[in-house]
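Chain order of the listed sequences is A and B.
At position 94 of the first sequence (counting the first as 1) the number is 93 in numbering that gives the first Met the number 0, and the numbers step up by one without a gap.
At position 159 of the second sequence (counting the first as 1) the number is 158 in numbering that gives the first Met the number 0, and the numbers step up by one without a gap.
FYI, nobody ran anything at the bench for these hints, they're computed from the structure.
Keep in mind that the hints are not guaranteed to be accurate.
It does not matter which identical chain is used: a pair holds within one copy or between any two.
[As the list claims (entries may be wrong)] Below, simulated DSBU-like cross-link-like pairs (lysine-lysine); rule was C-alpha separation at most 35 Å, straight line:
| id | residue 1 | residue 2 |
| --- | --- | --- |
| 1 | K129 | K264 |
| 2 | K6 | K264 |
| 3 | K46 | K129 |
| 4 | K46 | K187 |
| 5 | K264 | K288 |
| 6 | K288 | K6 |
| 7 | K288 | K96 |
| 8 | K46 | K288 |
| 9 | K113 | K288 |
| 10 | K187 | K221 |
| 11 | K288 | K221 |
| 12 | K187 | K6 |
| 13 | K129 | K288 |
There are 2 protein chains.
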Amino acid sequence: MATKGSKQDSTKGTEGTLGELLRVPGGEPVDLGAYDAGGTPGGPGDKATGLAATALMGEELASLQERLWAAGSAGDRRRLLLVLQGMDTSGKGGTVKHVIGLFNPSGCRITAFKAPTHEELSHSFLWRIKRALPQPGEIGIFDRSLPHSRLRSTGGTPIEDILIARVHELVSRAQLTARYNQINGFEKSLADDGVTVVKCFLHISYDQQRRRLLERLDNPDKHWRFNAGDIDERALWPAYQEAYEIALERCSVGAPWYLIPADRKWYRNWAVSRLLLEHLEALDPQYPKADFDVAEYRRRLLAT
Amino acid sequence: MATKGSKQDSTKGTEGTLGELLRVPGGEPVDLGAYDAGGTPGGPGDKATGLAATALMGEELASLQERLWAAGSAGDRRRLLLVLQGMDTSGKGGTVKHVIGLFNPSGCRITAFKAPTHEELSHSFLWRIKRALPQPGEIGIFDRSLPHSRLRSTGGTPIEDILIARVHELVSRAQLTARYNQINGFEKSLADDGVTVVKCFLHISYDQQRRRLLERLDNPDKHWRFNAGDIDERALWPAYQEAYEIALERCSVGAPWYLIPADRKWYRNWAVSRLLLEHLEALDPQYPKADFDVAEYRRRLLAT
Numbered sequence: 000m001a002t003k004g005s006k007q008d009s010t011k012g013t014e015g016t017l018g019e020l021l022r023v024p025g026g027e028p029v030d031l032g033a034y035d036a037g038g039t040p041g042g043p044g045d046k047a048t049g050l051a052a053t054a055l056m057g058e059e060l061a062s063l064q065e066r067l068w069a070a071g072s073a074g075d076r077r078r079l080l081l082v083l084q085g086m087d088t089s090g091k092g093g094t095v096k097h098v099i100g101l102f103n104p105s106g107c108r109i110t111a112f113k114a115p116t117h118e119e120l121s122h123s124f125l126w127r128i129k130r131a132l133p134q135p136g137e138i139g140i141f142d143r144s145l146p147h148s149r150l151r152s153t154g155g156t157p158i159e160d161i162l163i164a165r166v167h168e169l170v171s172r173a174q175l176t177a178r179y180n181q182i183n184g185f186e187k188s189l190a191d192d193g194v195t196v197v198k199c200f201l202h203i204s205y206d207q208q209r210r211r212l213l214e215r216l217d218n219p220d221k222h223w224r225f226n227a228g229d230i231d232e233r234a235l236w237p238a239y240q241e242a243y244e245i246a247l248e249r250c251s252v253g254a255p256w257y258l259i260p261a262d263r264k265w266y267r268n269w270a271v272s273r274l275l276l277e278h279l280e281a282l283d284p285q286y287p288k289a290d291f292d293v294a295e296y297r298r299r300l301l302a303t
Numbered sequence: 000m001a002t003k004g005s006k007q008d009s010t011k012g013t014e015g016t017l018g019e020l021l022r023v024p025g026g027e028p029v030d031l032g033a034y035d036a037g038g039t040p041g042g043p044g045d046k047a048t049g050l051a052a053t054a055l056m057g058e059e060l061a062s063l064q065e066r067l068w069a070a071g072s073a074g075d076r077r078r079l080l081l082v083l084q085g086m087d088t089s090g091k092g093g094t095v096k097h098v099i100g101l102f103n104p105s106g107c108r109i110t111a112f113k114a115p116t117h118e119e120l121s122h123s124f125l126w127r128i129k130r131a132l133p134q135p136g137e138i139g140i141f142d143r144s145l146p147h148s149r150l151r152s153t154g155g156t157p158i159e160d161i162l163i164a165r166v167h168e169l170v171s172r173a174q175l176t177a178r179y180n181q182i183n184g185f186e187k188s189l190a191d192d193g194v195t196v197v198k199c200f201l202h203i204s205y206d207q208q209r210r211r212l213l214e215r216l217d218n219p220d221k222h223w224r225f226n227a228g229d230i231d232e233r234a235l236w237p238a239y240q241e242a243y244e245i246a247l248e249r250c251s252v253g254a255p256w257y258l259i260p261a262d263r264k265w266y267r268n269w270a271v272s273r274l275l276l277e278h279l280e281a282l283d284p285q286y287p288k289a290d291f292d293v294a295e296y297r298r299r300l301l302a303t
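Input sequences plus hints: build the corresponding full structure.
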């Protein structure tokens with residue numbers, strides 16, 4: 000599936016940040032076919048190096064997370080929200096396991112959106128999203144917990160809801176446009192409130208999805224991860240790709256989408272880790288200064 | 000602080016499970032002074048071996064967690080709840096970071112109880128506890144997020160609330176007895192609903208607490224972890240120890256308390272990991288069998 004003239008030139012990696020290399024230019028038509036799902040733009044040259052590099056980032060990530068948390072405890076309202084999207088089997092769960100697993104679980108707030116409750120349905124579609132946001136100092140993760148085949152009657156993240164609605168023609172185009180605008184407005188308000196949103200689209204190829212579904216069928220320990228509707232939904236691949244293309248184009252106004260080639264799991268994990276690292280380094284959270292007389296408390300402690 | 004004739008004889012380790020070695024006999028008076036906080040009962044002989052053994056357990060723990068989660072997705076209602084208690088600086092946060100960090104964060108539900116909301120205060124003290132319980136297939140963790148000095152006006156886990164109430168004489172002894180009974184009844188109902196509760200008391204010595212508080216004062220990056228009330232609360236050490244002794248005695252009726260010597264962090268992490276491993280192995284969750292025709296879906300997939 001290597002694509003000649005891929006939009007993401009791997010030789011660019013050393014010049015700037017990975018974010019610059021992977022970000023989707025907002026407002027321009029997106030052609031997913033022009034992005035090589037098996038590529039490793041800006042990444043280590045092979046799997047062994049990639050795995051080692053990701054493991055090495057773990058300590059830096061956890062250290063920056065602690066500083067973010069510490070700053071949050073002293074009134075800094077900043078936090079980070081990772082949004083994971085992608086076709087079934089694109090590796091959202093694996094990313095949480097391997098990348099979020101590098102952080103201190105205490106400071107992570109993972110939300111896998113399931114069928115909305117009665118209470119949630121009585122509010123705007125953004126209501127439950129707002130309730131799941133990371134608090135100051137936290138790292139939030141938004142995932143959908145259900146395959147596309149079961150989302151139609153339930154609901155996922157706002158973008159997934161739009162995708163499903165578009166693919167299955169559940170709402171009018173005018174309604175879709177209104178939703179994109181609502182999401183963009185919402186993301187703007189998040190930025191104003193100190194939430195850095197890192198949106199990752201995990202891009203896999205049609206062939207890779209077949210291989211991953213086959214793995215789930217050929218290993219009895221993975222049967223529980225296979226859903227009877229997965230193959231019907233796979234038949235809608237072109238419609239989904241088009242829906243993602245439009246969402247990536249329309250919703251890169253505030254926080255950009257990052258397009259992560261995800262056929263290689265080691266690259267996917269490396270790239271998401273690296274993007275989080277770049278964003279946390281840019282936030283540069285600081286340990287708060289003591290608001291008490293350290294020497295005095297030291298003296299009192301030593302007297303005990 | 001090595002105690003001759005410690006209640007936890009480290010030579011017993013090879014005979015049975017760690018749970019048998021560390022569990023507090025319910026209904027008998029507990030003398031915390033008889034337990035060596037610096038001991039390593041049943042554990043590896045030194046720090047390097049202990050760290051390696053804990054890291055090695057990580058894979059088994061994550062694998063059992065995946066099976067628990069998979070079984071939960073197919074209707075198995077079982078789950079596990081780790082409750083962490085202990086004096087300030089006993090290492091609850093470090094245990095979450097290093098032990099829960101071994102699991103897949105997706106399947107963990109960590110609750111650090113803070114000041115109750117207005118809604119929570121309008122209900123029974125168990126109401127918010129029930130809402131924070133792990134769902135089937137999940138691993139839940141209950142921690143208090145505030146130091147003792149700030150819990151008095153806020154609230155933590157039910158046991159902490161009782162401790163504070165007892166140490167500061169906020170309620171009558173009759174009320175305390177009623178609370179112990181309510182907690183025991185609640186734990187019984189949890190067991191009936193498939194929740195395995197693993198309660199760990201992290202036992203540190205008075206000297207070790209001084210060292211850890213001093214570390215927080217002597218390192219500017221740790222000032223944020225020091226609370227001005229910590230030293231006042233430390234003056235109540237004997238009253239807290241007594242309150243813990245009574246709670247350990249009264250609330251080992253259903254799920255037992257495990258008394259974890261916690262002066263050595265590496266042993267504490269090893270012991271909690273080992274206890275979780277023993278409980279998960281006893282649950283022995285199984286991957287669910289496919290409820291669809293695997294061959295038929297395989298054929299359909301290969302046609303795409």
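Hint by hint, here is what the structure shows:
no., hint, in the structure
1, K129 - K264, "within (30 Å within a copy, 38 Å between copies)"
2, K6 - K264, "within (20 Å within a copy, 49 Å between copies)"
3, K46 - K129, "neither (38 Å within a copy, 44 Å between copies)"
4, K46 - K187, "neither (37 Å within a copy, 49 Å between copies)"
5, K264 - K288, "between (41 Å within a copy, 27 Å between copies)"
6, K288 - K6, "neither (46 Å within a copy, 43 Å between copies)"
7, K288 - K96, "both (34 Å within a copy, 24 Å between copies)"
8, K46 - K288, "between (42 Å within a copy, 33 Å between copies)"
9, K113 - K288, "between (41 Å within a copy, 23 Å between copies)"
10, K187 - K221, "between (40 Å within a copy, 34 Å between copies)"
11, K288 - K221, "between (50 Å within a copy, 9 Å between copies)"
12, K187 - K6, "within (27 Å within a copy, 60 Å between copies)"
13, K129 - K288, "within (31 Å within a copy, 37 Å between copies)"
Going through the hint list in order, the structure does not satisfy hints 3, 4, 6.
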